[in-house]
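Chain by chain, the residues run as shown.
Number of protein chains: 4
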Amino acid sequence: MRALGVGLIGTGYMGKCHALAWNAVAPVFGDVRRPKLAMLCEVDEALAAQRAGEFGFAESTADWKALIAHPEVDVVSITTPNAFHAQMAIAALKAGKHVWCEKPMATSLADAEAMLVAAKAAGTVAALGYNYIQNPAIRLAQRLIADGTIGPVNHVRVEMDEDFMADAGALFSWKSEAASGHGALDDFGVHAFSLIKVLIGEVEAVMADMARPYAERPLAAGGTRAVETHDIATLLLRLSSGASGLVALNRSAWGRKGRIALQVFGAKGTIAYDQERMNEIELYTADGDSDVQGFRRILTAPAHAPYDRFIPAPGHGLGFNELKIIECRELLRAIAGEPAHLLDFEAGLRIERTVDAAARSFREGRWTTI
Amino acid sequence: MRALGVGLIGTGYMGKCHALAWNAVAPVFGDVRRPKLAMLCEVDEALAAQRAGEFGFAESTADWKALIAHPEVDVVSITTPNAFHAQMAIAALKAGKHVWCEKPMATSLADAEAMLVAAKAAGTVAALGYNYIQNPAIRLAQRLIADGTIGPVNHVRVEMDEDFMADAGALFSWKSEAASGHGALDDFGVHAFSLIKVLIGEVEAVMADMARPYAERPLAAGGTRAVETHDIATLLLRLSSGASGLVALNRSAWGRKGRIALQVFGAKGTIAYDQERMNEIELYTADGDSDVQGFRRILTAPAHAPYDRFIPAPGHGLGFNELKIIECRELLRAIAGEPAHLLDFEAGLRIERTVDAAARSFREGRWTTI
Amino acid sequence: MRALGVGLIGTGYMGKCHALAWNAVAPVFGDVRRPKLAMLCEVDEALAAQRAGEFGFAESTADWKALIAHPEVDVVSITTPNAFHAQMAIAALKAGKHVWCEKPMATSLADAEAMLVAAKAAGTVAALGYNYIQNPAIRLAQRLIADGTIGPVNHVRVEMDEDFMADAGALFSWKSEAASGHGALDDFGVHAFSLIKVLIGEVEAVMADMARPYAERPLAAGGTRAVETHDIATLLLRLSSGASGLVALNRSAWGRKGRIALQVFGAKGTIAYDQERMNEIELYTADGDSDVQGFRRILTAPAHAPYDRFIPAPGHGLGFNELKIIECRELLRAIAGEPAHLLDFEAGLRIERTVDAAARSFREGRWTTI
Amino acid sequence: MRALGVGLIGTGYMGKCHALAWNAVAPVFGDVRRPKLAMLCEVDEALAAQRAGEFGFAESTADWKALIAHPEVDVVSITTPNAFHAQMAIAALKAGKHVWCEKPMATSLADAEAMLVAAKAAGTVAALGYNYIQNPAIRLAQRLIADGTIGPVNHVRVEMDEDFMADAGALFSWKSEAASGHGALDDFGVHAFSLIKVLIGEVEAVMADMARPYAERPLAAGGTRAVETHDIATLLLRLSSGASGLVALNRSAWGRKGRIALQVFGAKGTIAYDQERMNEIELYTADGDSDVQGFRRILTAPAHAPYDRFIPAPGHGLGFNELKIIECRELLRAIAGEPAHLLDFEAGLRIERTVDAAARSFREGRWTTI
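The listed protein sequences derive, respectively, from chains A, B, C and D. Note that UniProt numbering numbers the first sequence so that position 31 is 31, with each residue one more than the last. Note that UniProt numbering numbers the second sequence so that position 145 is 145, with each residue one more than the last. Note that UniProt numbering numbers the third sequence so that position 312 is 312, with each residue one more than the last. Note that UniProt numbering numbers the fourth sequence so that position 9 is 9, with each residue one more than the last.
These aren't lab readings, by the way, just hints derived from the structure by calculation. Treat the hints with care, as some may be off.
[Claimed, not checked] In silico DSS-like cross-links for lysine-lysine, where the CA-CA straight-line distance does not exceed 25 Å:
id: 1; chain 1: D; residue 1: K65; chain 2: A; residue 2: K36
id: 2; chain 1: C; residue 1: K175; chain 2: D; residue 2: K36
id: 3; chain 1: C; residue 1: K268; chain 2: D; residue 2: K36
id: 4; chain 1: A; residue 1: K175; chain 2: B; residue 2: K268
id: 5; chain 1: B; residue 1: K36; chain 2: C; residue 2: K36
id: 6; chain 1: B; residue 1: K36; chain 2: B; residue 2: K65
id: 7; chain 1: D; residue 1: K36; chain 2: D; residue 2: K65
id: 8; chain 1: A; residue 1: K268; chain 2: B; residue 2: K65
id: 9; chain 1: A; residue 1: K65; chain 2: A; residue 2: K94
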């Protein structure tokens, strides 16, 4: 059987991240056949050729449809701007290819729904790039919750904060246009929901507020323009399990660079985590002598699969890019028909619906069910 | 002029804390006359006498009315269970005494309103024991916000979590009875609101959710009883300043012992704080070279008044009880007619109204203005 | 029986700290009779009178010998500059008084030896103010070591760092004169040795290095003067138990304000501590499932006596000054003939001898036994 | 010109790490030609073939001499056990190949010296795998020291601790045999010295102590065997710059997994770092208002080259393996004749000599110069 053929569309932030993963998945895991990097697509043809050389792809193109049609391409990595996800994913699925699409699924609920329809029709693998769920630390949290270590979860809090929109003096950009979405709610919210999903389960109802730290932003040509998105969103959640939840999102949070802070409270203990320290998890359990109880800082280690595939020594640390390598391994598992730890288009659509319900709850000032 | 005469009602957790403050305020501050500890009241007469000896009070009684009537008592510390605050405070005010009452003001909004009426009529000092606002670290935060170091505040988050209700197997207690209040909302919420008040300003509207981690609790006699309060509360806030806010309260949060975590986001920086590390504050400012920006951990020091009155060396640390000594000094300031850093009954009533509005917002599922 | 009569010499940093402790010991502990604050001594008579009023002492004086001779003074708190400790302590002991003397014992080994001779002759209590050992967190560490939780200790590291000598531009002061001692070695080393003593045991041999971050310092009148002390000291230790140790001392350590960082390594676990976060201790034990092992942050709580005497709720935090209240309670225990957790003059002398041996090891460039 | 041809000897911990780096260096950096992975060597021929497939090497062999002789191999990665470094490196150098050898250089000073002779004779690049110095956080520290941000360095402390030898019940292994070296001194010390070298400069004199936490260890066959190495080492240092230093090494430190804790004290500030949190650096500077000074936690970001080549967003985090990719890029720079941030065999020999001097200082109980 020939090696799995890979087509990659996009060579930016996430494009490079996919490329690194496709190069590393076989050396890291050792239990998969080294895929064939068949074709790379980038809008600029010269850049496509250059990146193909760097990334190790055999061919390059500026025509994404050609990539999808390429007979050696079995799986398509889609890392283009969100607005292109739907058409590319649907085309690839229609061509019978597997699809690995960056999150969020699409820029409209209708597009996301169409993507799911296409995925169901194709019967191939259609997975989303929710990489944070791949962290061995998060998987440890997932296991500790699943095995009852902290008891039934009754409350969860997720904060996601960065500061790329924090500078009031920064020029008005597309991130402040309504066309880009709601703002922090979709930009960050989808990550929060992906983590809640794998750790605890489904969100049933939501009540959101949104805010604009800066009403307007300067234009390059002088003057200002009113900001149309909301860089801050806060959400109250009720989960199907009965747990209560809270999500706080802020992309104008000075000093926060990649914070995704989780707190999961259970009847027997608590788990805390911060993506800025992604190789640690904090666990408190109400076991044993009460005078020596405390939050324990667990460093990820070979005991926390698949950390062991990267490094045989504990506490040495994985990086953000390496989560995508793990995700890639899961994708290969799914393609091989094995159970995989991935969010597919069905799970992704549920996340998009949660975002949509949150936006409605804000407009209408009342709880909204998903 | 004779020394200020002190009457103290209650010798429990907060009663002892007041007693320590009354003993220490002159030695620590040195700029106030040592007050006369005139009379101590405790329901059990023998215990009252014993504690009077320990605490250094000249006389003791089991009759709180006698204490209020005592001619040498100029100021009354009220540290009894919340249900007694109103009648004692009103009686003391009517007798022309100053009142230093532990928070929360009362167990009903009507009582709190009556207390304010009495305070206005008396014209004496009527102050509440919101001790967390006295921390030099919090005062530093207050100054950094006031002087524009972090720019206009656009978002605030406050979490208050402890675990004294976290044990699902603990017997049903009065804390789970509706008569005790809403649960975490009033038990913890008043602290959160006091901090928001001094740091940022007034809450204008609130939308709350409340949850019960355990639907029922065991009874000593066997069987169980349905829990009537909510150990978890989550609140979305809109402040008069236009800032958005969020409060999360959990008294069943395993592992959290005295957590009051603040995050205040401004247009030029961020402040973070956790009461469990009450001698530190974290400050991020967007000044200077971006490649060396980071949250700085500032340890409280003599530069942060009135830390200097306690210890001449930085980073040596104050304790929880010492906040009450600072509060006591502020009370003396108020009694002397000087500007004081205290929450009076008017500010306290606003906090009670915020709690009440939150409870209504939960029942009605919609935003409620204060 | 009349109350214990207290005489306090000195009203500076430690004088105030003792005064606060004498005021608070009965209210906090409740199981001791409130001492009588008989007489306060300060070199300036007017200041002595003023402080006596603030601190609650009945009388004041500028003559320390009068204080020692005062018939109502049973115990003498000595908080004067180190050079005066010996004569005052010896005089008080000769007068049959109990002595509570701030560390270090004296400025020469001969003086310290004379103090011990006097203490033995007097038969009264002669205790030193090594307050850090009184922290409930340190006592917890002590218990965890004693009960074998971390197994036999094989290695210990103590760092003590502050930055009061860090400013190279600060004027030459007495701290840089040879008459003040060795520098960091005695200024800080005594604290390190007191902690090693109570946690692990005796130091048997030492090998030290010392360094001057700044060779000279400016004089107010212009020009500079050569620094005679060493603001940095580093020590290798061998303990009687066979454990190896290391002490690092730096009083010119920018950013460190009250750091005393301990790491105690045992055959079954590790304990870590930092005085700048004095209400926490970190414990790692090699028990249970290895994939959930980690350093746990234990917040001090009522379970860690005598924290419970201060606050009935966990994680609320004691302050530096409150350690002296605990020490005062131990002193009262010793005076009552009960076992007490204190370092007496015998233990203190051993610490002074360790400092002396370290200084010799530095001069001679070889290991020195104590 | 053809692509650089790579030969890799060894496929264990570090072999895999090199393989990942060779696969990723072109995709990550984009400014280098993708190297040709020519030949892989592993003692077991079948394993060699399997790993070659996974790692993307064109050919495989069990004969390392064949690999060195391979005409397409321009550079040889040596990742075998330390005892083989010398003969392989010397052979490769004699064949005119570039050498990238894992640290430490060799198991004897004589071997290391011979390696340097061979490197000088060959004139090719001979670099060592001191990967920790490649961390953007460490490079930031290096720059902050070099540009005077913390002023002249006067004191440095380095701790390196792991717990792989902490279990007293673990069977006697080769790590406890004298043939493996001194113990922690060489196992960990070389890392400490590499960091001191790039951050501050040369070590001039050393005084070491070494200790055995466990005198003997159990044998599989029953009974015990005396431990010949020292799992603990502590060192006092004097640097050529006049700074004082301290190194503490413990490979039986329960709970420490990959700790390399640095503290660098200067006349104007302090830098602190812990490898367990490798994406952070702490900086204190004595600039600006003293009441807002504190250690700031700087998260690595695109501003800290070459972080930007991996991730365009700050605070997202690199992993341990990615340091080797950076090292690989530096190696390519050196091969291209450009200035490179690498420790070559000359620097490596100095490190070996420091280890040797430390061992002598321990045996002789006195300071030893390097």
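Now for the hints, and whether the structure bears them out:
1. In summary, the hint linking D/K65 to A/K36 is not supported, as the alpha carbons are separated by about 31 Å, beyond the 25 Å threshold.
2. Under the criterion of a C-alpha separation no larger than 25 Å, the hint pairing C/K175 with D/K36 is inconsistent with the structure, at around 64 Å.
3. Taken as a hint, the C/K268 and D/K36 pair is broken in the structure, with Cα atoms around 49 Å apart against an allowance of 25 Å.
4. The straight-line distance between the Cα atoms of A/K175 and B/K268 is roughly 20 Å, inside the 25 Å bound, and the hint therefore holds.
5. Simply put, B/K36 and C/K36 have alpha-carbon atoms about 16 Å apart, close enough for the 25 Å limit, and the pair holds.
6. About 19 Å separates the Cα atoms of B/K36 and B/K65, which keeps this hinted pair within 25 Å; it holds.
7. Under the criterion of a C-alpha separation no larger than 25 Å, the hint pairing D/K36 with D/K65 is consistent with the structure, at around 19 Å.
8. Of the pairs offered as hints, the one joining A/K268 and B/K65 is violated, with about 46 Å between alpha carbons and a cut-off of 25 Å exceeded.
9. Distance restraint check for A/K65 and A/K94: the Cα-Cα separation of roughly 12 Å lies within the 25 Å cut-off, and the hinted pair is therefore satisfied.
This entry does not satisfy hints 1, 2, 3, 8, going by the numbered hints stated previously.
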